[in-house]
Each structure stands twice: as structure tokens, then as C-alpha cells.
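Asker: Residue-level listing of the chains:
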Amino acid sequence: MTASVASQPDLADERLPPVVPVGCVALVLAIGGVIYLASFIPGHPSLAPAIGLLAAAAATVAANAGALARVRAFAWWRFWQVWRWTMFAYAIIAGMLIYTFVYDRIPSGQLSLLVATLAVFALDIPVMLAFSVARYQPPHPPAP
Amino acid sequence: MSVATSAASRLELEPQPARPRPPASIVPLAGLPVVGVVLACLVAAIAGNWLWALDFFHVVGGALWTSLDLFIGLVVGPCVIARLSIPARAEFTARFMPAMALIMPTLVTMTLASGFQLARHLGLLLSSDPHHAWIVASFFLVGVMAVIAIGVLEPANLAVLFELRKPEPDGALIARLMRRFVYTAGITGLMQIGTLIIMTRLAST
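Sequence lines, in order, name chains R and E. FYI, the numbering for the first sequence is 1 to 144, going by my numbering. FYI, the numbering for the second sequence is 1 to 205, going by my numbering.
Same shape as in the complex, but just chain R (with noise of 0.2 Å):
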């Protein structure tokens, strides 16, 4: 094992915009939109809170992207091939509350609502995970 530059406070790090953060904060408006939605069911709350929410998550999430999609200098290949397989992995777990949604008879503003919200949650964790694996990779994969 190595005591590489990669592991001081990094150089690197701190040309990358902060993309962790910033969607953490996109999960806090989604899942805010979410608890309120889902303390509501079967009942028919005013949408407004939630949709502003969402709009707010939404915006987040594509601010995230815009800011990550300008760094040149970054292990794309190992981010890409992340991003994927988490992708795979949370449509299968956002299927599965969709279906339990549907299931539940929800109300169809609220059951759309739910699922533009989980839909904007699956954008979102990807590009964080994919971001949080990529970051400490080479910027090109190794030769064979």
C-alpha cells in the first residue's frame, strides 16, 4: 500500500465543484416533498409544497450536473461504468415504491408527484456515488 497524493486533503479535490454536497441538498428537497406527500396518503393535501419541492430538487440535481459536466481533468470511464450499475440498482428499488404506489391506489396527483420525485432521486444518487468512486481514479483507465 501507498501513501499516494490522492490521499492528502487533495489538490484535486479542490478544482472539483462540490457535487456531494450539492446533492445531498437535492436529496433533502426530494425527500421533504416526499415525507410530506407520504403523511398525507390516503388524504388530498394541497400539491403546491410539494411541487415546489421538487422543482427545487430538479433545478439542484441539473445545476449539479451542468457544474460536473465542465471539469475536463476527471476519471469519466470509472464514473460512467458507477453511474450505470447504481442507475440499474435504484431503477430496480424505485420500480419497486412505484409499484407499492400503485398498488396502494394512490391518487393520481399525488401518485405523478411521487414518481417525478423518485425519478429526479434516481438522477441524483448515481451522479453522487458515480462522483464519489471516480473522483480518487486516474483520469485514464489502466492499460491491460
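Some clues are possibly wrong.
Between beta-carbon pairs, the in silico distance windows are [as the list claims (entries may be wrong)]:
(1) Pro141/R <-> Asp129/E: 53 to 61 Å
(2) Val60/E <-> Arg70/R: 52 to 60 Å
(3) Pro21/R <-> Asp129/E: 33 to 41 Å
(4) Ala88/E <-> Ala91/R: 36 to 44 Å
(5) Trp85/R <-> Ala88/E: 50 to 58 Å
(6) Gly123/E <-> Ala62/R: 32 to 40 Å
(7) Val80/E <-> Pro107/R: 46 to 54 Å
(8) Asp104/R <-> Ala40/E: 15 to 23 Å
(9) Arg72/R <-> Ser127/E: 48 to 56 Å
Source of the hints: derived by calculation from the structure; they are not laboratory data. Note that beta-carbon positions come from the ideal geometry of N, C-alpha and C, so glycine has one too.
Fit chain E to the supplied structure of chain R, relying on the hints for placement.
Answerer: Chain E only, in chain R's frame:
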């Protein structure tokens, strides 16, 4: 023979600490069928409205999730990993983290999906229910734990797994990420005590 040469030959003769063998895959593939069976049973329990099965998944999943969090954060981290030598820590990590990458998400999915369905069946989600405020409080706790788990714990777990697969893993980086993993497991474990208080209160009133 000079002192330096004799020291060098001694080093050659002494057994060197072996680098931990990197895991063959990021998650243990042999565990995937077990996860598949658990998730299939969970779907069947929800679809079949089997109250006992929902209760089973919720209680078993919640108990294992809470116990693991507390055990890792308060026992394994400070009392075991912290006292191991660096090679032993690396060896432990190489075997421990892949299993955790599979076990924890499965337990969390089991607990939350069955718990939500159980609350719905028992009418605890209704805002008119006297216990509704406790259920909403548990939503908040789970929400905070989810952010910690997804934002700190799981990224550290995955980063360690990938670091271990490098030809020359960075020991200091692995130690830093493991510390983060263990401490956040402890924090979520302590928050789980709040969930335990809420759940036992719901079950006893």
C-alpha cells in the same frame, strides 16, 4: 558483508505483509440470488396483503439494520478496526466492505417498504390517527438517515471497494474513508435509537 547488505538480505528472508487480495467483484455475486429471493418475498408480502409477512420483514429488517449500525459504529470501529495493524485493517476492509455493499441496501429496502405498507394497513398513515405524529416523526428520522447513508456512508463504501482494486491501493485514503464509514454508521445507529423509541411506543399504545 556490509550492514546494509545484511539488513537487505534479512528483509528478503522475513515474510512481508501480504497485500490483501482485491475482491473478485465489487459486490459478492454469490449474494445476489439471496437478495433477489428476499426482494421477491417482500413483493409477494405486499401484493398478498399478508400482515404477518409484512410484520416479519419490518421487524427482522429493522432489527438487523439497527443492530448492524450500532455494532459497526460503536464496537467494530472503535474497539476492533482502530486496534488492528494497517495490513490487518486492509485485510479486514477487503472482506468486510463488499458484504456491507450488499447487506445494508437490502435491509433498508426490506424495512422501509414493509414498514410503509404496514402503517398503511394499520391506518397509522391517516392524519386522523392518534399515532400519526409519531409516524411522521419516523419519516423525518428515516429521511435524515437516508441523506447520511447516501451522501456519506455509501460513497465511502464504494470508494474503498474501488481503491482496493488498484494495483497500489492508497492506504491513507482507505483509512480515511473507513473512518468516515464507521463514524457515520455509528451516527445512524444512534439515530436508530430514536426510531426504536418511536416504534416501541407505536407497538405498545
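Asker: Broken hints, numbered, in rising order?
Answerer: Hints 2, 5 are the ones this structure does not satisfy, whereas the remaining hints hold.
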